[in-house]
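> Under my numbering, the residues of the sequence shown are numbered 1 to 566, in order.
Since the hints were made in silico from the structure, they are not lab data.
One thing to keep in mind: the hints can contain errors.
[Stated by the list, open to error] With a straight-line Cα cutoff of 25 Å, these simulated SDA-like cross-link-like pairs (lysine to any residue) come out:
| # | residue 1 | residue 2 |
| --- | --- | --- |
| 1 | K175 | Q311 |
| 2 | K467 | S507 |
| 3 | K546 | Y449 |
| 4 | K431 | K468 |
| 5 | K494 | E541 |
| 6 | K546 | G482 |
| 7 | K217 | Y143 |
| 8 | K283 | K212 |
| 9 | K27 | L69 |
| 10 | K106 | E134 |
| 11 | K174 | V100 |
| 12 | K83 | T158 |
| 13 | K490 | N502 |
| 14 | K490 | A473 |
| 15 | K234 | A417 |
| 16 | K444 | E519 |
| 17 | K128 | E91 |
| 18 | K431 | T264 |
| 19 | K490 | H464 |
| 20 | K59 | G228 |
| 21 | K217 | T189 |
| 22 | K352 | E5 |
| 23 | K83 | K59 |
| 24 | K83 | T154 |
| 25 | K506 | D549 |
| 26 | K468 | H512 |
| 27 | K467 | Y410 |
| 28 | K546 | A491 |
| 29 | K83 | V121 |
| 30 | K175 | T235 |
| 31 | K106 | I167 |
| 32 | K457 | R562 |
| 33 | K352 | S10 |
| 34 | K546 | E534 |
| 35 | K431 | M503 |
| 36 | K352 | A321 |
| 37 | K557 | D448 |
| 38 | K212 | T200 |
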Amino acid sequence: MSNDEVLTHSERSQSILAMVYTAYIDKSLLESISQIILGFSAKVTLVGATTTGEIDNGKTITRSTTITLLFLEATSVVPITIKSELGDEEEMAMSLRHQVLKISPKAVMLLTTPLSSDVSVLIQNFTKESFAFEVFGGGAGDYAHECTLLLSGTEVFTSGVVAICFIGSSFQLKKHTFVGWSPMSKEMTATRAQGNTLFTIDDKPAFDIYTKYLNIKDDSEFFANAIGFPLLTKTKGDYLAKVPVSVGSDGSLAFISSVREGETFRLGFFNPEIIKSNLQDIKSSLNAFTPEAIFLFTCGCRRFALADDIQLETQYLADIAPVSGFYTIGEFCDIQGEVPQMNLAFIAVGMKESITFKPHKALPERKKKISSDKFLTSHMTVVGRLLYFINVLNEELEQQAITDGLTHLYNRRHFDAIFSATIRIAKRHNKLLCFLMMDVDYFKQYNDYYGHQAGDKALIKVAHCLKKNAQRADDYCFRLGGEEFGVLYKAENKDHALSFANMLRKSIENMHIEHEKSEISSFITVSIGLACKETNTISNESDYYKEADDLLYQAKKSGRNRVKIN
Numbered sequence: 001m002s003n004d005e006v007l008t009h010s011e012r013s014q015s016i017l018a019m020v021y022t023a024y025i026d027k028s029l030l031e032s033i034s035q036i037i038l039g040f041s042a043k044v045t046l047v048g049a050t051t052t053g054e055i056d057n058g059k060t061i062t063r064s065t066t067i068t069l070l071f072l073e074a075t076s077v078v079p080i081t082i083k084s085e086l087g088d089e090e091e092m093a094m095s096l097r098h099q100v101l102k103i104s105p106k107a108v109m110l111l112t113t114p115l116s117s118d119v120s121v122l123i124q125n126f127t128k129e130s131f132a133f134e135v136f137g138g139g140a141g142d143y144a145h146e147c148t149l150l151l152s153g154t155e156v157f158t159s160g161v162v163a164i165c166f167i168g169s170s171f172q173l174k175k176h177t178f179v180g181w182s183p184m185s186k187e188m189t190a191t192r193a194q195g196n197t198l199f200t201i202d203d204k205p206a207f208d209i210y211t212k213y214l215n216i217k218d219d220s221e222f223f224a225n226a227i228g229f230p231l232l233t234k235t236k237g238d239y240l241a242k243v244p245v246s247v248g249s250d251g252s253l254a255f256i257s258s259v260r261e262g263e264t265f266r267l268g269f270f271n272p273e274i275i276k277s278n279l280q281d282i283k284s285s286l287n288a289f290t291p292e293a294i295f296l297f298t299c300g301c302r303r304f305a306l307a308d309d310i311q312l313e314t315q316y317l318a319d320i321a322p323v324s325g326f327y328t329i330g331e332f333c334d335i336q337g338e339v340p341q342m343n344l345a346f347i348a349v350g351m352k353e354s355i356t357f358k359p360h361k362a363l364p365e366r367k368k369k370i371s372s373d374k375f376l377t378s379h380m381t382v383v384g385r386l387l388y389f390i391n392v393l394n395e396e397l398e399q400q401a402i403t404d405g406l407t408h409l410y411n412r413r414h415f416d417a418i419f420s421a422t423i424r425i426a427k428r429h430n431k432l433l434c435f436l437m438m439d440v441d442y443f444k445q446y447n448d449y450y451g452h453q454a455g456d457k458a459l460i461k462v463a464h465c466l467k468k469n470a471q472r473a474d475d476y477c478f479r480l481g482g483e484e485f486g487v488l489y490k491a492e493n494k495d496h497a498l499s500f501a502n503m504l505r506k507s508i509e510n511m512h513i514e515h516e517k518s519e520i521s522s523f524i525t526v527s528i529g530l531a532c533k534e535t536n537t538i539s540n541e542s543d544y545y546k547e548a549d550d551l552l553y554q555a556k557k558s559g560r561n562r563v564k565i566n
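Please construct the entire structure, taking both the sequences and the accompanying hints into account.
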């Protein structure tokens, strides 16, 4: 702390932010470090956290303690420290927000204790109203995932939050975040969830997906085995990851972030190509920004999942500016006015104080791949190819499972799933739900006269007509079997519903598919039974289906080529 360079920077600085990141859950160690650092200068603001890995000069290191000094010539640093107990998060958030708003910072760096407090509740309440500052940071970690510590000045504590507020007109920062995991399973739905606990997925115990798809057991190694396979949910166009930390006796899964009932997700696995592409984009952006320092908040799960290749992430930005940071349990970064509780995220924050700061030498045009050759020679390339294969195979199998092989409309199996789900969703908004069943008139006679090959072609044309005319996001077309089709849609009222059904009927007749054996037309026609109901009046799905079927029978019995509505 006494070398000439440090002393020179200290004399020029308005404030000094000292950050201590350590692998050791040792209060006495942090207290000893604080005495030394705080004794160096009255300008020092000291904060710190325990970690699941440390980053020093861009290198990932483990089982160590790092100290980073940020010298700020025109920026003030104000720490806000709140200690709490589990259950006090909402009150803590309100107090934190009140204190932060009083000083109007440019940015706020948050350090939290995710193992002893509900950070999701804290973050949601801290940012639930609009805010004019930028937010970033991470949760303190622990290699054993048992206890975390925060340091603020001379205080060391196990539960609470430290907010580091940056104040100054010349202070600038640029944040980037990504996950780099991509989905590899079918889409699933959280059918029962509360807080940070997911009880059921598709009405089965949540833990079942980890045993079924990954053969992961409910034992002491569950967290370590599940780290690389988070649940991915799409938010604002990008994926957020949720890593389960434990299994309940009822087969539920516990997370450090909240889970919403009705939320959809897929099992994920890291994708080297996405990671590489994101790193290149971040490097290009930060190089143009010309930061004086770069701080990384990256999930400890990344270090475990990527193994030795994690060095490629942390060292990738080191030729732009000094890089330091730590591996977290949970990360924060405001995205379009919201601050989600993240898992598995990589957050890079570039900082500088002056817009006239001398820029770094521009990087050469990337005519060939830079810093990515190591990816190509590592196991990540093999994993990437395997993941790509799995995704394509999943898409093909999923498509085959839900579509009719002849017409490529949804099949009866998918109809059963969609029908039930659509009723549940529509009930929340009490929409008029419409289900029509359609039968090609005199189709047996058509097949007998023209042949089955011609019959198949006719069904394909009918299916194409349905798809062409029912293209809204919540219009679903099905082949229910043989010459029978179904369309599920919503309407403002029964008049609109009937008009839409008649439009489909006329469109099919107007294709002029010749049918000499029809008793009602020279062309193929259809009969339709249309059942329309306010969703809060639908008590039984099978009765609703039968109602449409009965109406179809009435349409055929009363002369065909018509619509019968309830």
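> Which earlier hints can't be squared with this structure?
3, 8 and 23
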